[in-house]
Structures are given as C-alpha cells and as structure tokens.
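The primary structure of each chain is shown beneath.
There are 2 protein chains.
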Amino acid sequence: MSEVLPGLKEIEAAAERIAGVASRTPLVESPALSKLTGHEVYLKLECFQPIRVFKIRGAYNKISLLSQSRVVAASSGNHGIAVAYSSRLLSKKCTVVVPENAVVEKVDTMVDYGAEVVKAGRYSGEREAAARKIAEGTGAAFVHPYNDPDVIAGQGTCGLEIAHQLDDIDTVLVPVGGGGLISGISTALKAIRPKTRVYGVEPRSAPKLTEALKAKKVVTVPSPASIADGLIPSALGELTYEICSRNVDGSFTASEDDILRATRALIRGARIFAEPSGATPIAPLLSGPIESLGRRVVLVISGGNISQELLAKILTS
Amino acid sequence: MSEVLPGLKEIEAAAERIAGVASRTPLVESPALSKLTGHEVYLKLECFQPIRVFKIRGAYNKISLLSQSRVVAASSGNHGIAVAYSSRLLSKKCTVVVPENAVVEKVDTMVDYGAEVVKAGRYSGEREAAARKIAEGTGAAFVHPYNDPDVIAGQGTCGLEIAHQLDDIDTVLVPVGGGGLISGISTALKAIRPKTRVYGVEPRSAPKLTEALKAKKVVTVPSPASIADGLIPSALGELTYEICSRNVDGSFTASEDDILRATRALIRGARIFAEPSGATPIAPLLSGPIESLGRRVVLVISGGNISQELLAKILTS
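Those protein sequences? They're chains G and X, same order as listed.
For the first sequence, our numbering assigns the number 1 to the initial residue and increments by one for each residue that follows.
For the second sequence, our numbering assigns the number 1 to the initial residue and increments by one for each residue that follows.
Hints were generated in silico from the structure; no laboratory data involved.
Owing to the predicted nature of the structure, the values given are computational and were not obtained by experimental measurement.
No false leads were slipped in.
Identical chains share a label here; the pair holds if one copy fits it or two copies do between them.
Straight-line Cα separation of at most 20 Å, SDA-like style, residue types lysine to any residue; simulated pairs:
1) Lys-313 - Arg-268
2) Lys-313 - Gly-269
3) Lys-133 - Val-118
4) Lys-93 - Ile-134
5) Lys-313 - Ile-267
6) Lys-93 - Glu-29
7) Lys-35 - Pro-50
8) Lys-35 - Val-111
9) Lys-35 - Val-107
10) Lys-313 - Arg-264
11) Lys-35 - Glu-116
12) Lys-93 - Pro-31
13) Lys-35 - Arg-88
14) Lys-35 - Glu-105
15) Lys-93 - Leu-65
16) Lys-217 - Asn-147
17) Lys-119 - Ala-130
18) Lys-92 - Pro-31
19) Lys-92 - Glu-29
20) Lys-35 - Val-104
21) Lys-9 - Pro-149
22) Lys-119 - Phe-142
23) Lys-35 - Gly-114
24) Lys-216 - Arg-204
25) Lys-35 - Asp-108
26) Lys-92 - Leu-65
Next up, chain G with everything else stripped away, as it sits in the complex (with noise of 0.2 Å):
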C-alpha cells in the first residue's frame, strides 16, 4: 500500500492546484484559552474557508484532477457541500446522497451550490451504496470524503500552512472523522516540523482511532453517534490508517459534556463561531494543561457550520 501514500510532493502540488479556492485560513493565538486551558493555545480557523469548513481542500484537489464531468458523493454535511462548491466552480454535474435526517441547513446550501440531492436511508453504508450505485449508472466518479490519496493531500495542505505560519509548535490537535484531515495534516508535519506532535481527538462513543492504534488494524466500532456530527464515521479508511498508525503519536476522547463546553468556550471567550466537530480539540484540555503536550499547541478548528439552534442555546444559556 506504501507507495499510494500521498507525501509532502502531493501536497505541495495540491496546495497550487487549491490556491485561489481554498483559503490559507488564519493561524492565531487564542489569550481567551490559553487563560482557560494553562497552555500556549493558536488556533488554526478553518472554519474561515469560503465554505466554513476545511472539506473544500481535498474537495476540491481531487474534483480538479478528474477527467469525468460528473461527480457523487455521500454525506451528512460538510464532505457534500464541499463537492456541491467544487464542481460548481469546476463545471461539474453533481449529485449528493445524503441521509433521511439530515440537518436541512447543510441539504440547503448544496442545493443553493448546484448540486442534485438524493436521499437514502440513515447510515453511511447505505449512503455509500446509493452514491456508488449512481456513479456506476451514469458514469460519474464517486468522490469518497477521507480515504483518497488526493483527498488527503488536499487536507495535507492545511498542515503545510501551519508549518509555515509559526514555529516551535509543541503539538497539533486535530478533530478525527475518518481520518482524513489528520492524515494529511500528519504527513505534512511529519516531514517538514519532525519534532512536532500530532495528536487525534475523537468523540468518547466514535474512538475508531484510539481503538485502531490499539488493536494495530482498522477497527469498526458500533453505533457512533455525538453531537460532533462530523466526528462519527464508524471506522477510518485503510489508507488513513495506515497514515495514521505511521505518523500520528497519539489520541484522545472526549465526552459529549466535554465537546459542548469546547464549544462554548470557543463562542462565549474566544468570539469564534464553530461547529462541535470544529471544537473538539479544546475539549481534552478543559481540566487543564497536559503537561505531556508541552508549551505551545495548535488547535484546529476544523469547521464552522454549526446549526443555527445549537447556536442560539448556546447564546442564550
């Protein structure tokens, strides 16, 4: 599998092919949660892409590179509105399968971008199924969210910039769906920063990377449900594991208690909007410094599309 592992040259070639698309988001110090957490807290905003979520990288890298015109995709969310917004700039047809419940928010803004929305069923398998099933009738590419090398190069990108906007970073957290992010972010880290740490952090009920790490293998765990609605892929792909059981040194989980206080603290003292998935990586330093983690620690903050009624509770509690 080693020589499909996209590299540093991957994501250097993604970062030109996403310029101009993909913002290169703000890297910033946080005085509000350094004061709370007892570290030296930066954080990455991605949730200050065009689309408020980090998705439009390894969108739009691997949309770019196909020949097809049309493309499909599964997804509950950002991973849909982020092929919705790629093909629109990049004159593809696309189609989106997304769940029976899903939040009508995320549905509307692929409609708005273009994209033909189908609905199927409520878990991904079934998602996944559908979208591969249209891809194979119509002749469409089948985009899948995390485990493709040119969708984790695209992600990769995000970890090149913080490699370039500040040194002496101890350790990076980095939110964990299926691993897409992390192992593009982990890649590029890895061989530009050596010394910098990348650690996962994953709701407590969806641990698919902490329990791989474990047992060594891609583990499935059951029923992953949080309100980190981006976090819950039941397992990482084959190849954001093996990325991610090379380069990343370690895990954390957190509760769902923990994940709406991370939340919060990124709304009511830092001013920044996020979605829970977005904040999760707060949420292990809410009972104070891990003294393992050292200084200086960078938080991605890997979307903002929060719903509009989480959002108003949070404002008003």
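Position chain X relative to chain G; hints supplied.
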C-alpha cells in the same frame, strides 16, 4: 493635498507588509443573496480576518512603519482591537481610549491582546482628545482610524484582492464609517479595474459620505447613531473625503430596519455571522435589484464582531 494621497504603489507595498498577518479573505458567490436581491452577488468576507474585521490591514500597515515603541488609539471597538493585535505582533506597547459605554466584549478583546484600556467620555471627540494627550505625554504615536495615508493604503489591499479574485465586476458596495475602507478599495479598483463602479453604503442617521458628495466638502452630521456602530463617525476625514470625491461613484443610505434585515439575511440565509456594520452593503438591495448597479455585485462584508446578545436575538426571532 494630492501629493500625499496613497496610490496603487503604496497599496502594493502595504500588501507585502501585511502578508502572513492579515488574510487574503475569500470572495465567494452567495446563491442565497443572489436569489434574495436579483443580482449576481459575491461576498468579500472580511469577517474572516484573524480579528474578524478588515481593520487589521490598515492598523498593521501603519504600525509596522512606526519608529515609536508605543502607540495610542481612540476607538469604540474594531480599530482598537486591530491596533492592540498589531501592537502585540510588533512588540509595541499599546493604549486604547474607549468610551465609557464601550461594548464589554470588544474591550475584553483589546485587554486579551495586551492593550491598556482607558475610558474617556462618550463621544469620539473626547476620546481622540484624550488619546492625543496621552501621545504627547508619553511620546507614543497616535494611530488614526481612517484619516491617515498608511492606514488607507492598508485598507486598499482589500480592493487589490477583489481586483485579482474576480473578473467582470460591475459594482462594489462598501460600508462607510470614516471612509478609510472605501478610500483604499476605490483607489485600488480605479487603478486596476477602472470600469468597476464603487458605491458607499452608510446608515441614514450618519450620511457623512452622501452629504459630502453633495456639498463637495467635508460635512459634519449631527448626532449619528446606529445599530451599525462601526459606521457612525460624524464626518469623513479631509483625506478620505478627498479620495472619495475623486473615486466614488455614489452612495446609499440605509434605514435601521434595513440594516437589521440585512444582518439577518446574511446570518439566516447565507450563514455568515457578520456585525450590522458589515452587513450594511446588503441593505440597499433588499427591495429588489437596482438596475444601475449592473449584474455582478461584490458586497464587502467588513466585519463579524457582532455582540452575542444581538446574535442570540436574531437566531431566536
């Protein structure tokens, strides 16, 4: 006066100076606002700057050119945050004079970034007098929020980006406070894209630009007050008036109701969290398309430091 007006050369120099500190913010199509207004709407998202407002561009450009090790500013909000943030990055001591009724969240942010905050009066005249007195007493440099060629050149980098990010722009709509942003943007655009029209938008109670264009001189308006609290200086500066009189194609005034409706449309429709001052350019388009503006319109969403109280109100009503 004309020999001190900043031109394209000064703006390009500012762009190099602020690279890596201010962001090249996204310029994105907004299908939701296109539907609402009948124009082809693009948003220049200055609310995605590290400090959530464009003022980092001018403040950092200005302060990086100063020989003094201390700076002082008078501000009720965003300018003070920008000066505090830039001073911290440039290792300068910073004092901000704020009004006695300043918004707590904005003052907290200045303090977070290490500024000393002094309260003085309720009107901008009192603040500026107090700040200039501190400057004289301490040898600090006074950083004006808009009537300064280096500040204007910094704000102009926003126009430089717009010119390079999108073709065939008919009109750019810019919110107007003291006129620094529209002066910078219009200077860049008239140099690079002379066919693109630039209009200002300001609160009906603070028609500084509208009255000045009519009278062909700086006009002081009585008792400006608006929910768009970044747009209520009582007059343009001599320098910003001079530039606007040459470059700006016209202006609109917006009612308080329309500014609030614009803020709501941006949050609930396009899911962009802007402050009322930042959403103001939408206001003139709420009653349907304005033919003279042409088809493709860029709205400069200048900032996102909305109070949590107002945001909660919008999300729950």
